[in-house]
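Generate coordinates for the entire structure from the input sequences, incorporating the hints supplied.
Here the protein sequences line up with chains A and B, keeping their order. In terms of this note's numbering, the first sequence is residues 1 to 271. In terms of this note's numbering, the second sequence is residues 1 to 350.
Do not rely on the hints blindly, as some may be mistaken.
[To be verified] Now the in silico label distances, taken between C-beta atoms and shown as ranges: (1) B:Glu-94 with A:Arg-113: 40 to 46 Å; (2) A:Pro-238 with B:Arg-226: 42 to 48 Å; (3) B:Val-100 with A:Ala-130: 38 to 44 Å; (4) B:Gln-304 with A:Asn-186: 33 to 39 Å; (5) A:Asn-186 with B:Val-318: 54 to 60 Å; (6) A:Ala-130 with B:Ala-155: 52 to 58 Å; (7) B:Tyr-31 with A:Ala-114: 41 to 47 Å; (8) B:Val-331 with A:Gly-146: 21 to 27 Å.
[Claimed, not checked] Which residues of chain A face chain B? A partial, calculated answer using Cβ under 7 Å: (9) His-73; (10) Pro-77; (11) Met-105; (12) Gly-122.
Treat the hints as calculated values from the structure; they're not laboratory data. For glycine and all other residues, C-beta sits at the position ideal for the given N, C-alpha and C.
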Amino acid sequence: MSERAVPILSVEHVGVRFGGLVAIADLHFDVHPGEIVSLIGPNGAGKTTAFNVMTGFLKPSQGQVRFRGTSLHGLQPHEIVRLGLSRTFQRTSVFPDDTVFDNVMIGLHRRSRARLVDTLLGRDRAGEAALRDRARELLDWVGLSGRAQEKAGALAYGEQRLVGVALALATEPAMLLLDEPVSGMNASETQVFVRLIRAIRDRGVTLLLVEHDMPMVMEVSDRIVVLNYGRLIAEGPPAVIRSDPAVIEAYLGQGSAARAAAQSVREAANA
Amino acid sequence: MTQPSRTRHLPALVLLAALAALPFALGHDPYLLNALITTGVVTIAAMSLNLLLGFTGQLSLGHIAFFGIGAYVSGLTSLGFDVELFGGLRVVHEPWPPAVGFGLAVLATAACGYLVGRLSFRVRGAYFVIVTISFAEVVRLVALNWVELTQGPLALTGIPPLGLWLPGLGTTVLRTKLQNYYLVLAVGTLCYVLIGRLVASRFGRAMRGLKENESLALSLGINATRTLTLAAVISAAMAGAAGSLYAHYLRIIDPDVFLFSTTVTMVIMVVGGGKGTLLGPVVGGLIFGLLPVALRPVMVPEAQWMVFGLVLIGIQFVMPRGIVPGLVRLVAPRRPAAASSSPVPAEVRP
Numbered sequence: 001m002s003e004r005a006v007p008i009l010s011v012e013h014v015g016v017r018f019g020g021l022v023a024i025a026d027l028h029f030d031v032h033p034g035e036i037v038s039l040i041g042p043n044g045a046g047k048t049t050a051f052n053v054m055t056g057f058l059k060p061s062q063g064q065v066r067f068r069g070t071s072l073h074g075l076q077p078h079e080i081v082r083l084g085l086s087r088t089f090q091r092t093s094v095f096p097d098d099t100v101f102d103n104v105m106i107g108l109h110r111r112s113r114a115r116l117v118d119t120l121l122g123r124d125r126a127g128e129a130a131l132r133d134r135a136r137e138l139l140d141w142v143g144l145s146g147r148a149q150e151k152a153g154a155l156a157y158g159e160q161r162l163v164g165v166a167l168a169l170a171t172e173p174a175m176l177l178l179d180e181p182v183s184g185m186n187a188s189e190t191q192v193f194v195r196l197i198r199a200i201r202d203r204g205v206t207l208l209l210v211e212h213d214m215p216m217v218m219e220v221s222d223r224i225v226v227l228n229y230g231r232l233i234a235e236g237p238p239a240v241i242r243s244d245p246a247v248i249e250a251y252l253g254q255g256s257a258a259r260a261a262a263q264s265v266r267e268a269a270n271a
Numbered sequence: 001m002t003q004p005s006r007t008r009h010l011p012a013l014v015l016l017a018a019l020a021a022l023p024f025a026l027g028h029d030p031y032l033l034n035a036l037i038t039t040g041v042v043t044i045a046a047m048s049l050n051l052l053l054g055f056t057g058q059l060s061l062g063h064i065a066f067f068g069i070g071a072y073v074s075g076l077t078s079l080g081f082d083v084e085l086f087g088g089l090r091v092v093h094e095p096w097p098p099a100v101g102f103g104l105a106v107l108a109t110a111a112c113g114y115l116v117g118r119l120s121f122r123v124r125g126a127y128f129v130i131v132t133i134s135f136a137e138v139v140r141l142v143a144l145n146w147v148e149l150t151q152g153p154l155a156l157t158g159i160p161p162l163g164l165w166l167p168g169l170g171t172t173v174l175r176t177k178l179q180n181y182y183l184v185l186a187v188g189t190l191c192y193v194l195i196g197r198l199v200a201s202r203f204g205r206a207m208r209g210l211k212e213n214e215s216l217a218l219s220l221g222i223n224a225t226r227t228l229t230l231a232a233v234i235s236a237a238m239a240g241a242a243g244s245l246y247a248h249y250l251r252i253i254d255p256d257v258f259l260f261s262t263t264v265t266m267v268i269m270v271v272g273g274g275k276g277t278l279l280g281p282v283v284g285g286l287i288f289g290l291l292p293v294a295l296r297p298v299m300v301p302e303a304q305w306m307v308f309g310l311v312l313i314g315i316q317f318v319m320p321r322g323i324v325p326g327l328v329r330l331v332a333p334r335r336p337a338a339a340s341s342s343p344v345p346a347e348v349r350p
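Next comes the structure, spelled out in C-alpha cells:
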C-alpha cells in the first residue's frame with residue numbers, strides 16, 4: 001500500500017514487557033482500509049500479545065495503537081469494540097452453555113438500544129424481534145443456520161470458530177482481528193474459512209490475522225508482517241516474504257542454510 | 001418470544017394459581033399460613049440471590065444484609081427515631097406510613113447494592129464472596145450495637161403493619177395472615193416477572209455472557225462493571241423489599257435477621273431448585289422453606305440442618321443442576337428449541 005491511503009490501524013512503536021521479559025520490543029506497522037494483513041512469526045514471537053494490546057486486554061509499556069486516528073491508549077476492551085475494532089479468540093470463541101442462536105443474540109448487545117425501564121415494563125418486543133432477525137441473518141451468512149439451536153460448546157472446533165466470527169461480526173466492526181482462525185482445521189475446512197475471510201473483506205471489513213498455517217497465509221494475505229523475538233523482521237507481499245532470508249532464518253533457525261551445505265559436503269565425503 | 005412463550009410460562013402460571021388457591025385448601029390454618037408467609041418472604045430473597053448467583057455467577061454470601069437493611073429501614077421509618085450523632089447533632093424522625101418505609105427500604109438497599117457492586121465487581125469471585133460476608137457482618141454489628149437507633153438485642157417492637165391503598169376501596173391495613181399471604185404472593189410474582197424480563201433482555205444476555213466467557217463478552221462491547229452492578233442493585237432492592245415485608249408482617253425485628261445461616265438457607269434454595277432458572281428458587285424456596293414445618297414434630301430445629309444437607313445432597317445426586325433443570329430434562333429430553341428465545345428453528349425456514 002502506498003502513502004495515499006490513511007491507515008485504519010497504526011501500531012506505533014509498541015513495546016510490552018512483563019517484568020524483565022520483553023514480549024514485544026518495538027513493533028511498528030500500519031494496516032490500510034480494505035486490506036487483509038497477516039501477522040506471522042515463530043511461537044513466542046509476540047503475536048497474540050500484540051493482539052491483546054490492540055484490543056485493550058494488555059497495556060503497552062511503550063508506544064500506542066491508533067485506530068481510525070483515535071489513540072486506544074487507556075481504553076477498556078469494551079470501549080475499543082465500540083470504535084469498530086473487533087476480535088476473535090484463539091481457543092475459547094463461544095459462550096459454551098448457550099445455543100448458537102443465543103450466542104449471536106449476546107453478541108448483538110451493542111445493536112440493541114433498549115433501556116432498562118422499557119425492558120422491565122415489557123415494552124421492547126419490537127426491538128427484540130429485530131434483533132432476532134439480525135441474528136438469523138448473521139448465522140445464515142456464516143453458514144450456521146442448521147446449528148442455531150445447538151449448544152455452542154457442543155459444536156465441532158471449526159464450527160465454534162464460525163460462531164466466533166458471527167459474534168465478532170455482530171458488533172459491526174470496521175476492522176476484525178482473527179487470532180489463529182484455522183489452527184486445528186483440516187484442509188477443506190481451511191478453504192471454507194479462506195472464502196469466508198474474503199467475503200468478510202468484501203463486506204468492507206479490514207482484516208488482520210495471526211496465523212501459523214503458512215499456505216493459508218500466503219494464499220489469503222495482501223501483505224504479511226513478520227515478528228521474531230518481539231521485533232518486526234520483515235514486511236511485504238507474500239511473494240517477497242516467501243524468499244526473505246531473515247524470515248527463512250527465523251523459521252528454520254540460525255545458519256540453517258550453512259548447515260544444510262555442510263551436511264551435503266559430509267555426505268559426499270562418506271560416499 | 002411470541003409463540004412458545006405461552007407454553008413456556010405455563011408451569012409458572014399453574015404454580016401461581018395453586019399458590020393463590022392454597023389458603024382455601026388449607027382452611028386458613030394460622031400456623032401453616034404463617035409458615036407460608038415467612039417461606040414466601042425468604043423465597044423472594046432467594047429469587048433475588050439467584051439473579052446474582054444464577055445469572056451472573058457471582059456468589060453473594062452476605063445477601064442477608066440487604067434483607068436485614070430493608071427490614072430495619074422500613075421498621076425505623078414507620079416507628080420514628082431520635083438519635084444523637086457525632087458532635088451533638090440530633091436527628092429526630094417522626095413516624096411515616098409503613099408504605100413509605102417499604103419504598104425507602106427498596107431505595108436504601110438498591111443504594112447498598114450499588115456500593116457493594118462497585119466495590120467488589122472490580123475484584124471478582126472469591127473476593128466478592130469475602131466482601132459480601134464482611135458487609136453483612138458489619139451491618140449486623142451496627143444493628144446489634146447502635147442501641148439508640150435499633151434497640152440492639154432488645155429488638156425493634158411494635159412495627160405497624162403495611163397499609164394498602166386501592167382505588168375505590170381506600171386504605172386497608174393488612175393485619176390478618178391471609179392479607180399478608182396475598183401481599184407476599186403479589187410482591188413475589190412482581191419480582192418473578194421483573195427478573196424474567198430482565199434475564200430475557202440484552203441486560204440478562206450480557207450477564208450470561210460475562211458468566212460464561214468474560215473475555216469474549218468484553219470483546220463484544222459488554223461493560224462488565226455496569227452489567228454486574230446493575231444485577232447487584234436490582235438483586236439488593238428485591239432482597240430489601242422482602243426484608244420490609246418481613247418487618248411489617250412479624251412487627252418485631254432484632255439483629256438476628258442478619259444471621260449468616262439465613263443466607264445459607266437462601267443459597268440451598270437456589271442451588272437445590274436450580275440456579276440460573278426462573279422457577280428454581282421458587283421451587284427450592286417452597287421445599288426448603290416448608291421442610292421445617294414437616295420436620296417440626298420429629299426433630300429439633302438444630303437437627304433439621306442435617307436433613308437440609310441430606311435433601312440437598314440427594315437432589316444434587318439425582319439432578320446435578322437442581323430440581324427445575326432436572327424436571328425440564330425429564331419432561332422434554334430433546335426439546336432444545338423451547339429453551340431458546342428463537343421462535344422458529346432455523347431448519348424450517350425457507
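Which earlier hints turn out false for this structure, listed by number in ascending order? Result: hints 4, 5 and 9 break, sorted rising.
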